[in-house]
Amino acid sequence: MRIRTRRTTAVTAAGIALLLTLGACGSDNNGEGTSAADTAAAAGSSAAGAETTGADTAGSDTAASGTAGSDTAGSDTAGSDTAGSAPAESGSQDFAGKKLTVWIMEGTNPDATPFFADVAKDFKAQTGADLDVQFQPWADAHDKFTTAIAGGTTPDVAEIGTTWTPEFAQAGALEDLTQQVAPMKDNLVQGLVDAGTMDGKLYGMPWYAGVRSFVYNKDVFEKAGVQPPTTWDELVAAGEKIKSAVPDVVPFAVAGDCSYCMMPFIWGAGGDVATQQDGKWTSTIDSPESQAGLTFYTDLALKQGLSTPAAATWKETDLLKNFESGKLAMVITGNWTITKITTDAPDMKGNLGAFAIPGKTADKLSPSFLGGSHLGIFKASQNKELAWKFIELMSSDKYAQQWAQSSNFFPGIKSLLDETAKSADPLIAPFAKQMVEAGKSMPVTPDWGKIEGAKVLTKMLQSVLTGKASVADATKTAAGEMNDSFGG
Amino acid sequence: MPDPHQIVAAPAAARPGGGIPGSSRAPRRVPLGVSFGRGVRPWLLLAPALIVLALLLVWPLIRVGQLSLQDYGLEQIVSGKDNYIGFENYTELLSDPLLWRTVLPNTVVFALVCVVGTVALGTLVALLLNLLGPAWKWICSTAVMIAWAVPALTGTYVWVWLFDPFDGLMSKVFAGLGLIDPATSNWFTDRVGFYSIAALNVIHQGFPFVAITIMAGLTTIPRELHEAAEIDGAGAGKRFWSITVPMLRPVFAVVTILSTIWDFKVFTQIYLMPGGSGGNDDVLNLGVWSYLESFAQGSYGKGSAIAVLLTVILLLITGVYLRTLFKEREL
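The listed protein sequences correspond, in order, to chains E and H. The end of the first sequence is residue 494 by my numbering, with every number in the run present. The end of the second sequence is residue 342 by my numbering, with every number in the run present.
Worth flagging that the hints you see were computed from the coordinates, not collected in a lab. Mixed in with the good hints, there may be bad ones.
[To be verified] Covered stretches of chain H, as calculated for chain E (at least 3 residues, CB under 8 Å):
(1) 83-90
(2) 306-319
[What the hints assert, rightly or not] Calculated pairs, DMTMM-like style, for lysine to aspartate or glutamate (alpha carbon to alpha carbon, straight line, at most 20 Å):
(3) E:Lys249 / E:Glu330
(4) E:Lys104 / E:Asp138
(5) E:Lys224 / E:Glu246
(6) E:Lys474 / H:Asp201
(7) E:Lys309 / H:Asp192
(8) E:Lys333 / H:Asp192
(9) E:Lys385 / H:Asp192
(10) E:Lys207 / E:Asp453
(11) E:Lys446 / E:Asp192
(12) E:Lys327 / H:Asp175
(13) E:Lys474 / E:Asp305
(14) E:Lys474 / H:Asp192
[As the list claims (entries may be wrong)] Partial chain E-side listing against chain H, Cβ under 10 Å, derived:
(15) Ala102
(16) Gly103
(17) Asp149
(18) Ala259
(19) Gly311
(20) Thr314
(21) Ala318
Don't be surprised by glycine CBs; every beta carbon is placed ideally from N, CA and C.
Input sequences plus hints: build the corresponding full structure.
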């Protein structure tokens, strides 16, 4: 009797255990889901805003997954009906009753809702069609695009990170825009056009862009008595001065998980990631120039001791966090993060300075990665003509300028960018200078997404920083991995 | 503390009415002549659950198996076409030194440490809870449950924050004790350091389940056994190994197997740690590697092959466990 009872209890216990397992599985999946989001962020890091927004949203926003914002713009339009606004513009009503679905990345602009409400109003006036803007967090976006492409549920138009465009185009998901863009082609920022061009065809309309440069803590620079450097030697000298004058501040953190912070030094030394010859890409990350650049950059940490060992695993978000708390004298960061810094750390306001990334010699800057977003039309769209009208509207001076201003990015239209470049704002001018004079794109090939996903450059940098590999070995491994991806 | 006799008596009293369905009643129904129904009815009743299981579990399983035999990327996803390449993914995988030198040892050793740690700590906590009075028992088990309720994501960030090599609490404590030099060390970049922190995280999150389950099991052990042993002069250790452990074998079996499964496929806790998301090959485990291959690099075929490998290893280990540690009837 007693034994049986015990057995029943044991069985019950096992049953409960199983139930709990299921519960735990559920939560486990959630965990994976969220972190999946994080990867997408990592994968999409190239697309300018991704890292800052991505990592931050990973925890909280994933569940909402963008749909929350979906109705805002759409429903606003519903109200602003045909009666008053129709005659205002060149307004035709050819597309009355149609609805255009658009995906916009969330977080690039602190609050994009009023902007798109305006766009939707004008769009309705011009075409008679409704606009349904759905906001997608950067973190989830790459996965969401892939699944949407697979399931045939893509929107009509979407904001696409510049490094994803070739990948999606290669997969046959994007519409060729060469014809439509042709009339305005000369007035587009070249780096963005390059990033969206594959085999001579343009798959993404340049929308906005950003670039990384140095941001520094004025207080620390003053205390150490240093000026913004204009050459690499000056950079080292400034770092060493800060190190001895303000010992509790890290002069310049060499972040192991930020390949875009490293690229200026590789490019600045005359090296490159890969070159294309006869349509075939070959990695040049192991060229003597690239190696020299990587050596200089990692020596800042390993030889000159301007960094901290903790930085070997830092992402851009960690850089920013520690800079905000005043523990770093200078960082390489994107122009779009300035607002974030001043919001997170209001006392930093007035204490911030910026300078373009110095070159090896004073006569030219080190190039920095020019990242941003395209607007692309999906092949599966039923409203391609309407979709192009939307892109035209977004690229109009009015909206391109307004978006750039409210989001702290630079417009993808050259004439507008030139205007911004004349800005006297000390926190804008250096970035604009960097973008106009020394903005560069990563290899434009569908394989790049894979290489980025495999974190080839990050692995290379980290292995040197942690002393696991020499510069020569690390670059050879990285080149091998890249060539594998290019080959297959 | 409730009287153990009541616990023993309660289910026994309930049996005549409720009983275990089927076992005692089925024979009585046979004479009613529903022989056809007897064969089919259980399956009919099970059908909804089986269909749901098949859709949610079996089909994805088959699909992963299919994918692992293909070179499957974004292009295939878009076109929806298959691209079979035989066992190429597997040969590539099994001939990859990264698997043998890094990923497999990381996964297996980490899981081993975590399972032992989780079950040991869980058992100790259960024994402690069992000794406490009702109020303290409630307070402590609530505290334990909170550790369990914290999502893996949040928990991991807390541990990373504690161990932050730049200005984390633990690095200050360790530096203060003179054990590390903060100017030269970063434990996240080192395989052992990285996985020690991950193990703390996983054990911290996993032990409450073990503790609560074993505590439930402990209440089923009749007090007389312990009393009798005590009178015979058995010490606490002797009583634990000779009474508690044998009586709770089935419970231990369940928690060990479940912990093994969980700790083998741990993902979030590794992926979210600095360097864990692919920046440092030294700290890859099977779960993260599979994810990186599939989703970060778009090689869904190879990613699936890794997932299949993980499943096979898990099945093997679970099988061996069942054979060696526990007798069949105890499950």
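**Asked** Hints broken by the structure, by number, lowest first?
**Response** Numbers 9, 15, 16, in rising order.
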